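Enquirer: The residues making up each chain are set out below.
Number of protein chains: 4
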Amino acid sequence: MSSLSRRERVRVFLESPLVQRAVICVIVVNAVTMGCETSPALMDSVGWLLVAVDHTALAIFTAEIAVRLYAYGRAFFKDPWNWFDTVIVAIALIPASGPTSILRALRILRALRLVSAVPSMRRVVHALLTAVPGMASILGLLVLLVYIAAVISTKLFGDILPERFDDLPRSLFTLFQIMTGDDWGTIAQAVMDHKPWAWVFFIAYILMSTFIALNLFIAVVVNAMNDAEDSPTEVRTQAELQAVREELAALNAKLDLLARRP
Amino acid sequence: MSSLSRRERVRVFLESPLVQRAVICVIVVNAVTMGCETSPALMDSVGWLLVAVDHTALAIFTAEIAVRLYAYGRAFFKDPWNWFDTVIVAIALIPASGPTSILRALRILRALRLVSAVPSMRRVVHALLTAVPGMASILGLLVLLVYIAAVISTKLFGDILPERFDDLPRSLFTLFQIMTGDDWGTIAQAVMDHKPWAWVFFIAYILMSTFIALNLFIAVVVNAMNDAEDSPTEVRTQAELQAVREELAALNAKLDLLARRP
Amino acid sequence: MSSLSRRERVRVFLESPLVQRAVICVIVVNAVTMGCETSPALMDSVGWLLVAVDHTALAIFTAEIAVRLYAYGRAFFKDPWNWFDTVIVAIALIPASGPTSILRALRILRALRLVSAVPSMRRVVHALLTAVPGMASILGLLVLLVYIAAVISTKLFGDILPERFDDLPRSLFTLFQIMTGDDWGTIAQAVMDHKPWAWVFFIAYILMSTFIALNLFIAVVVNAMNDAEDSPTEVRTQAELQAVREELAALNAKLDLLARRP
Amino acid sequence: MSSLSRRERVRVFLESPLVQRAVICVIVVNAVTMGCETSPALMDSVGWLLVAVDHTALAIFTAEIAVRLYAYGRAFFKDPWNWFDTVIVAIALIPASGPTSILRALRILRALRLVSAVPSMRRVVHALLTAVPGMASILGLLVLLVYIAAVISTKLFGDILPERFDDLPRSLFTLFQIMTGDDWGTIAQAVMDHKPWAWVFFIAYILMSTFIALNLFIAVVVNAMNDAEDSPTEVRTQAELQAVREELAALNAKLDLLARRP
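Just so you know, the protein sequences line up as chains E, Z, D and G, in that order.
Under this note's numbering, the first residue of the first sequence carries the number 1, and numbering increases by one thereafter.
Under this note's numbering, the first residue of the second sequence carries the number 1001, and numbering increases by one thereafter.
Under this note's numbering, the first residue of the third sequence carries the number 2001, and numbering increases by one thereafter.
Under this note's numbering, the first residue of the fourth sequence carries the number 3001, and numbering increases by one thereafter.
Check before you lean on any hint, since a few could be wrong.
No more than 27 Å apart at the CA atoms, straight line, and that leaves these computed lysine-lysine pairs for DSSO-like [as the list claims (entries may be wrong)]: (1) Z:K1254 with G:K3254; (2) G:K3254 with D:K2254; (3) G:K3254 with E:K254; (4) Z:K1254 with E:K254; (5) D:K2254 with E:K254; (6) Z:K1254 with D:K2254.
What the hints contain is simulated information worked out from the structure, not anything from laboratory work.
Note that the coordinates shown come from a computational prediction; the quantities given were computed from them, not determined experimentally.
Only chain E is shown next, with the shape it has when bound in the complex (with noise of 0.2 Å):
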């Protein structure tokens, strides 16, 4: 041990088994701590007790990435886990002096460090995330049928139907809305009540942006399964073939042989 610098020496510190457990407790210490802040009565009755935690916590995660900053170095900002701790930390310590209602709400992606900690959250972020490319083509496909419909359905509805169809980002959502399959019927009927020939859009809308959505659904499918890993079949067709490949080397050495023979 007397080997390694001070710096490797904190490393080990820092991946120890109890380390992690002790900062993935205290990260849901302070989620279950900052969720009953949202409650006035237990405010009320112990909130210095959640804050105290809650400042103590926020103070652990500041010192767990400054100890991880000095611990790898320039190697620290390689990791792309690191700099999202360090943006979800940077986030709780900005409000800290500041009045913004939603800068205080969102101390609570502090709780999103426990992916961070977890390595098969980790793993499954990953996953996600990189699932993401093979989806592009077909994802910029169903945002330009989006828009288009939302351009028409301005030009069109914008009259009958203001509050759902007024202007473009309004568009946007309730054609959103439609595309989750939530209300639309009311929608349609709506609109349908002035231009009787309104269904002929909603009904291609609801088509299309289903038949997209269901191609990029097998898309992703079908990603997930050729990465998969192999089928039992599948590893006992290959060591198959490995054997009869040894099989046939064995032969091969034999035939040598033989010729070798006067």
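Since the structure of chain E is provided, determine the placement of chains Z, D and G on it from the hints.
Expert: Just chains Z, D and G, lined up with the frame of chain E:
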């Protein structure tokens, strides 16, 4: 048969198709009578019969478990299905003395004994349960997302829409409802009337929860695929590879014979 | 042709593409006229024509079945599609004399003859039906879950929300609706106003029914995958393995020749 | 380069990355300005600019198609994407003279040129379209089901709920809405107030349409799976089989050599 101990003879009796079918029959009849008990009209006319059938069925179930306990001894507690049956019958025995309406309503859980009595249903439930561990990490991520969104929405929207985001449990319920896509447009519109930027929160939440749920689903499908029986083609490939290795062995033997010739 | 019996000649005639297309044509025209009959305006102007076409089509269907019965004799009853056609035409013949509006409305079922007349549709329906047995156990579990939930909700929520959980059939309908995710939030909120803990019931029910339905779906997909035609790669693997075995046989023959040399 | 005809030089120019990117750029800018045109505020302040950009973009599109027509001659009409572009630009040219609001709204379809201009989007749309033929039979069955259900519901429920089932087109719309699961409970309850047995119709319709839609989906997935690239394992299996055949050929050659010895 005389060489069997009394316990073994009881076991053979319990596992005979006739007894098994009789038990299934009692379960089904009891499930139907408990359904009939919900009708005041039927209770007025043939209530005494329904109650009598119910008590008889409960007596049969209790007796059957007692006999099984005698027949299998300690092995009884090793099979989780036996625990399942015992707990269900116990729930039915408790409320016989108590006035609590919830426990009385839970007596119908006795119909779940059908699952442990029919082998193909046991297999299905077993398959469902084995799918759960593979989903744990993604489920955890989904729970984390809903929790964080609930804390944020309680803080930001609690004053605007108290009937939806008043406290943490209510927010959790509302966000679960939004995740299932039920009526989310109405909730989002009500919030957006006060905070026009709230669409960012709702659309981000819906996209993220749908995407994680989709990947949860894909994980289950990919697992199911790998656990599935080999397809006919895979079986044929394995058989072909086996034949190839046998022929190689024959070739090997012939070469050995040839090499041993002077 | 003269060697064919009269029955065989009728069969050849029935199976000729021209006759098959003519029957499909009659089915489609009849389906359209029955659709037109729902319009009072059209019935006023050309009602006599629609009724005439309808009667003619029914006469053609009856005649076709009679001819098929003559041509195939007993074999007619062996094909389930013939039973299907006979029942559908019989339904259309009954209400001609009766006043019941439901039976009159069911005359449109004649359009289902399109399924038995178009081979590719027959195949699709056949594929749909073969998927059902593999789903039986999971479907049974789903039905059991809905039944148990219906008995519990009738007992617990019957007094609170009588228009939803009054008696067992109504509860079954409501729970089916909740399973499809339609408007369940409103129903749950109404119950929770009186029994705040009711969210446990609704969320447990939705999670369990969704999870079982998901596995029902996966079972269908996995079955469909295994029944699917071999992929091009699998076909190529089989061809390669076949070639390997042929080459091994050739090697074997050469070795035998070598061994037979003095 | 001097050996290229003038037409060929134009083709090289058209297919150069710079020109392709410039066209994509014009399409995107034009799509954004058409979106801006939906805002009265923006039209008041910079309307003249938006209209100018719009006219310029249309002129560029028309010129580009004319140049392509010159460069490729008859081959222009063989590529369906050229037809696609021509029709879209033609739609944009027509309303310049007419007052119809629908055609003016359809000008945004020009944004669809993005699909033909970006190769990866072309591929996605191509993949979507090739999936359609495999779905034809199941889609036909689904359409037949909705049509039959619409005729039945018009006849049976037309008097009870005229705003939903008044005539055939309205019933078709309502049944499409029910198939998407939107608000079907409310519709079914309204009908069941008059005809209590109507639940049979609605539940049968939902189960059948969901089951057919599910199989439509599975058909698309299975097709996509078979069309998917080989998985790494399959590629490895093919490589192994290739190696086995090469080794067998080597063995064969050695045996021939051995046999030719005296």
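Enquirer: Each hint should be assessed against the structure and marked as holding or not.
Expert: Results of checking the hints against the structure:
no.: 1; hint: Z:K1254 with G:K3254; result: 15 Å, holds
no.: 2; hint: G:K3254 with D:K2254; result: 11 Å, holds
no.: 3; hint: G:K3254 with E:K254; result: 11 Å, holds
no.: 4; hint: Z:K1254 with E:K254; result: 11 Å, holds
no.: 5; hint: D:K2254 with E:K254; result: 15 Å, holds
no.: 6; hint: Z:K1254 with D:K2254; result: 11 Å, holds
Checked against the numbered hints above, the structure violates none of them.
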